[in-house]
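Read top to bottom, the protein sequences are chains A and B.
Following this note's numbering, the numbering of the first sequence begins with 53 at its first residue and continues without gaps.
Following this note's numbering, the numbering of the second sequence begins with 16 at its first residue and continues without gaps.
In short, the hints are calculated from the structure, not lab data.
There's no promise every hint is true.
Stated by the list, open to error - Which chain A residues face chain B? A few, computed with CB under 8 Å, are given here:
#1 105
#2 245
#3 247
#4 250
#5 255
#6 257
#7 260
#8 263
Being a predicted model, the structure only gives us computed values, none of them experimental.
Ideal Cβ positions, reconstructed from N, Cα and C, are used throughout, including at glycine.
As a plain string of letters, each chain reads:
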Amino acid sequence: MLKYDLVVVGGGPAGMAAALKAKECGVERILICERDETLGGILEQCIHTGFGLHYFGEELSGPEYAARFIDEVEKTDIDVKVNTMVLDITTNNVVIAINKQDGLMEISATAIVLAMGCRERPRGAISIPGTRPAGVMTAGTAQRFANIEGYLPGKEVVILGSGDIGLIMARRMTLEGAKVKAVCELMPYSGGLTRNIVQCLEDFDIPLKLSHTVTEIKGKDRVEGITISKVDGNLKPIPGTEEYIPCDTLMLSVGLLPENELSRAVGIKLDKVTGGAVVDQYRETNHEGIFACGNVLHVHDLVDFVTQEAQTAGEGAANYILGKKEYPEFRVHTKGINGVRYVVPQRISIDGSEEPVKLYFRVGQVYTNAAVKVTRNGNVIYAKKKRKLAPGEMENIVIKPEDLQEFSEGDYLFIEVEG
Amino acid sequence: MEVRELTCVACPMGCQLTASIDNGVVVSVTGNTCPRGKKYAETECTHPVRPLTTTVKVEGGKHPVVPVKSADAIPKEKMFDCMKVLNEVTVKAPVQIGDVIVEDICSTGINIVATNIC
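Can you make the complete structure from the sequences, with help from the hints?
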């Protein structure tokens, strides 16, 4: 059996940053398992710029952002196995993986960092009626076709969902000569960053149809057209509002789901809202020695925040491996209420640490001139005015260590929106 | 005096900007949280520019295309002219990040550079 101090599952931005941080903290034997043929993860196909503004203070493309970490990994003695699929993790931290060279491997690990990223919701997840022709694909699949394989996946395109990948692909397809006829969004607001609405849709006069969904797909071998309908306040299509749009491609950008098959199999507790593990501030799951970070934990909108979170997980794993972990006296819980959909981390280990705790959260609708409030036993310990809060933009607040002192076991820290 | 409402695209924050324009000159910008917002509004109201990212064909590489970007933002109205040029380009592997693929594209004074190895 192979033996490592740390096995990182996934060689995208989260996996690389976690491994590098653990190395920096003094962990000796580290292995990254990556199922694709290179490190980099989804960044390899995100050829647009906008990555790295927070972390590097400059605007990089996805492959450039990834390359900075790939270069760092190559400078260390971190082992990397590409084209390697992790099949299972056992409850005693043995990673079962497979590739062509080594065959089936059993790798024993003192700690494991889960960094598998997320998957796109496919057509089956949203039940669009109609035939099943070619030409219906997720925006990420189209992105891979266009940016890595070198194919233009369609000429007349409708995009369902206004998440960032959908918006980015609307521009990409337009630049390559395709006609993007509309971007439909079920909700009354876009799930993407405002800057992407401006530079990907408005720049090219692509209509954004809010409160609209696709109600039929037509075509035998290839998509011939789709029907869209307006939806009411309960997101149900309104009869009589149908509009037929001839097209050859329907792209779906309807949400991302953390890829947690491995986590579930090893008995890690998952958060129903995020779809990722329940973790503490070190990103340790309920399974001792297993940490999670990046999009497998909760879907991020900026890779810069993935990197930061992965460094937290990498350091947490290092402390665990090197015997420096402080065992908590008890844990308190965080909970989003009144407009806050979720908070990560979901629990805070009270272990005498003097470090501030950063809480990431997402709201459920658009708010303007609102305030974010954190309460503990009815007392406000943090309040801040926010000019704008939107579901597409993750927010964070920092809880000072002194504010954690007076907690007792089982207490809740509530995060809410006012206004 | 003309007043224009803009969303800054300089970073993912997307600040809502208000620019006042007098005789084609931006005289005031409000709503920005950093100097880049002011610069964005000034450029956007006089000569809008955008970064361009796309791919060019590769011979002998691992993949059939390699991603490229404009080293600096290019005039918005030249985006499609630049695409036309780049769609005719084929490079030979190996290419390194930062290698110049097209010099001074469409007389903009801006180079197109590779953003990945191939």
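key: chain B contact restraint on residue 245 (chain A) - CB to CB distance below 8 Å   = Holds, because the Cβ-Cβ distance from residue 245 (chain A) to chain B comes to roughly 5 Å (cut-off 8 Å).
ask   = Against chain B, is residue 255 (chain A) within 8 Å by beta-carbon distance?
value = holds, 7 Å
ask   = Holds or violated: residue 247 (chain A) as interface residue toward chain B, Cβ cutoff 8 Å?
value = Since the shortest Cβ distance to chain B is 4 Å, the answer is holds.
ask   = Does residue 250 (chain A) pass the interface check with chain B, least Cβ-Cβ distance below 8 Å?
value = holds, 5 Å
ask   = Measuring from the C-beta of residue 257 (chain A) to each C-beta in chain B, is the shortest one below 8 Å?
value = At about 13 Å, which exceeds the 8 Å cut-off, the nearest Cβ of chain B leaves the hint on residue 257 (chain A) violated.
Interface hint for residue 263 (chain A), Cβ within 8 Å of any Cβ on chain B = Interface hint status for residue 263 (chain A): violated (21 Å vs cutoff 8 Å).
ask   = Any CB of chain B closer than 8 Å to the CB of residue 260 (chain A)?
value = violated, 13 Å
query = Can the hint on residue 105 (chain A) be confirmed by a CB-to-CB distance to chain B that is less than 8 Å?
reply = Interface hint status for residue 105 (chain A): holds (5 Å vs cutoff 8 Å).
Figure legend: structure checked against the earlier numbered hints; hints not met, in rising order: 6, 7 and 8.
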